[in-house]
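Asker: Sequence:
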Amino acid sequence: MAPRRLKVKRDAEDENFGSKKVCHRKSAKTDESFNTKRCTLWFDEYTGVDDPNVIGPEGIEKFCEDLGVEPENVAMLVIAWKMDAKRMGFFTKQEWLKGFSDLQCDCTAKLRAKIDQMKNILHDNFKTIYRFAYDFARDKDQRSMDTETAKGMLHLLLGKHWKLYPQFHQFLDQSKYKVINKDQWYNILEFSRTISSDLTNYDIDGAWPVMLDEFVEWLRSTRNESAMQ
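No gaps in the numbering here: position 59 of the sequence shown is 59 in UniProt numbering, and each next residue is one more.
It should be emphasised that the hints constitute simulated quantities derived from the structure, not laboratory data. Incorrect hints may have been included.
List time: in silico DSBU-like cross-link candidates among lysine-lysine, alpha-carbon distance up to 30 Å [unchecked claim]:
#	residue 1	residue 2
1	K93	K127
2	K163	K176
3	K163	K98
4	K182	K127
5	K62	K37
6	K151	K114
7	K182	K119
8	K151	K82
9	K62	K176
10	K163	K119
11	K98	K82
12	K62	K151
13	K62	K93
14	K86	K151
15	K182	K86
16	K163	K178
17	K86	K62
18	K151	K163
19	K176	K98
20	K182	K151
21	K160	K178
22	K182	K140
23	K160	K140
24	K86	K98
25	K82	K62
26	K93	K37
27	K163	K37
28	K127	K163
29	K151	K119
30	K37	K82
31	K140	K127
32	K37	K151
33	K98	K178
34	K114	K93
35	K82	K182
36	K119	K140
Okay, the calculated beta carbon distance ranges per label pair [said to hold, decoys possible]:
#	residue 1	residue 2	range
37	D213	K163	30 to 38 Å
38	E72	K182	16 to 24 Å
39	S226	K182	19 to 27 Å
40	S221	E70	33 to 41 Å
Glycine included, each C-beta is placed from N, C-alpha and C at the ideal position.
Put together the whole structure using the sequences plus the hints.
Answerer: Given below as C-alpha cells:
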C-alpha cells in the first residue's frame, strides 16, 4: 500500500484559528484552557487524504517528529493508553479527543511541556498500562502477540528494570515460542516483580505458565554450563 499523503492545511484555517502556528511556536501559551476545536484542528494536521478520521503510521511519525520523541518512546505508549487506542500505529479522532482532553493538551506545545510527566503517569499506572500494551500491540487478526512484538514491548516496559530481561530475551530467541498469550504476558510482569535474579524463590510447583518453568530450567542450565567452563 502506498504511503498516505498528509493533508495540506488551508491558509484560512490557520489564519482563523492559528492551530498549527500556535501549537508549534516555541512561545505558545501552555496555560490556556483546553479547547476541543483547537484539538480537532491539531488532529487534522496528521490525517491522510483518504480518511479524515484516522491518523495512520505516516501521520504518527510526523506527530512524533513535531513532539521531538521517537515512536518507540514510552511516552507514546502512555499517550495511547490515555486515548484507550485500539490499534498500534493508528489514532482515531475519538481516541485523540478523549486522550488529550484528559491530558488537557490541544496542541504540540502543551503536550511537549508535559512530556516528562508521562514517566510519572507510567509509574503510577504501570500494571494497567502493561496490560493495555498487550491488546494494543498485538495483531488484531491474532488472539496472541507474536514474540517479536512482545520482545519490543518488554524491552520498552521492563528492559531497564528487570535484571533478567536480557536472559529472557535470549530465551525467547532460541525457544519454540512464536506467540505469547495474555496469561503468559500478565505472568511475565508478576515474575519480574517477585522472583529474585538468582531464582532461589521460584517454586517449580507454583501456578506459573509452562513458558516460565521452561525459562527457569533453561537459565539454570545455562548458568551451570558457564560455571563448569
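Asker: It remains to establish, for every hint, whether it holds in the given structure.
Answerer: Going through the hints against the structure:
{"no.": "1", "hint": "K93 / K127", "verdict": "holds, 26 Å"}
{"no.": "2", "hint": "K163 / K176", "verdict": "holds, 23 Å"}
{"no.": "3", "hint": "K163 / K98", "verdict": "violated, 36 Å"}
{"no.": "4", "hint": "K182 / K127", "verdict": "holds, 14 Å"}
{"no.": "5", "hint": "K62 / K37", "verdict": "holds, 21 Å"}
{"no.": "6", "hint": "K151 / K114", "verdict": "holds, 28 Å"}
{"no.": "7", "hint": "K182 / K119", "verdict": "holds, 24 Å"}
{"no.": "8", "hint": "K151 / K82", "verdict": "holds, 23 Å"}
{"no.": "9", "hint": "K62 / K176", "verdict": "violated, 37 Å"}
{"no.": "10", "hint": "K163 / K119", "verdict": "holds, 20 Å"}
{"no.": "11", "hint": "K98 / K82", "verdict": "holds, 8 Å"}
{"no.": "12", "hint": "K62 / K151", "verdict": "holds, 25 Å"}
{"no.": "13", "hint": "K62 / K93", "verdict": "holds, 16 Å"}
{"no.": "14", "hint": "K86 / K151", "verdict": "holds, 20 Å"}
{"no.": "15", "hint": "K182 / K86", "verdict": "holds, 16 Å"}
{"no.": "16", "hint": "K163 / K178", "verdict": "holds, 23 Å"}
{"no.": "17", "hint": "K86 / K62", "verdict": "holds, 20 Å"}
{"no.": "18", "hint": "K151 / K163", "verdict": "holds, 15 Å"}
{"no.": "19", "hint": "K176 / K98", "verdict": "violated, 40 Å"}
{"no.": "20", "hint": "K182 / K151", "verdict": "holds, 14 Å"}
{"no.": "21", "hint": "K160 / K178", "verdict": "holds, 24 Å"}
{"no.": "22", "hint": "K182 / K140", "verdict": "holds, 13 Å"}
{"no.": "23", "hint": "K160 / K140", "verdict": "holds, 28 Å"}
{"no.": "24", "hint": "K86 / K98", "verdict": "holds, 13 Å"}
{"no.": "25", "hint": "K82 / K62", "verdict": "holds, 20 Å"}
{"no.": "26", "hint": "K93 / K37", "verdict": "holds, 12 Å"}
{"no.": "27", "hint": "K163 / K37", "verdict": "violated, 46 Å"}
{"no.": "28", "hint": "K127 / K163", "verdict": "holds, 18 Å"}
{"no.": "29", "hint": "K151 / K119", "verdict": "holds, 20 Å"}
{"no.": "30", "hint": "K37 / K82", "verdict": "holds, 19 Å"}
{"no.": "31", "hint": "K140 / K127", "verdict": "holds, 22 Å"}
{"no.": "32", "hint": "K37 / K151", "verdict": "violated, 39 Å"}
{"no.": "33", "hint": "K98 / K178", "verdict": "violated, 35 Å"}
{"no.": "34", "hint": "K114 / K93", "verdict": "holds, 21 Å"}
{"no.": "35", "hint": "K82 / K182", "verdict": "holds, 21 Å"}
{"no.": "36", "hint": "K119 / K140", "verdict": "holds, 27 Å"}
{"no.": "37", "hint": "D213 / K163: 30 to 38 Å", "verdict": "violated, 19 Å"}
{"no.": "38", "hint": "E72 / K182: 16 to 24 Å", "verdict": "holds, 22 Å"}
{"no.": "39", "hint": "S226 / K182: 19 to 27 Å", "verdict": "violated, 33 Å"}
{"no.": "40", "hint": "S221 / E70: 33 to 41 Å", "verdict": "holds, 37 Å"}
Of the numbered hints stated above, those contradicted by the structure are hints 3, 9, 19, 27, 32, 33, 37 and 39, listed in ascending order.
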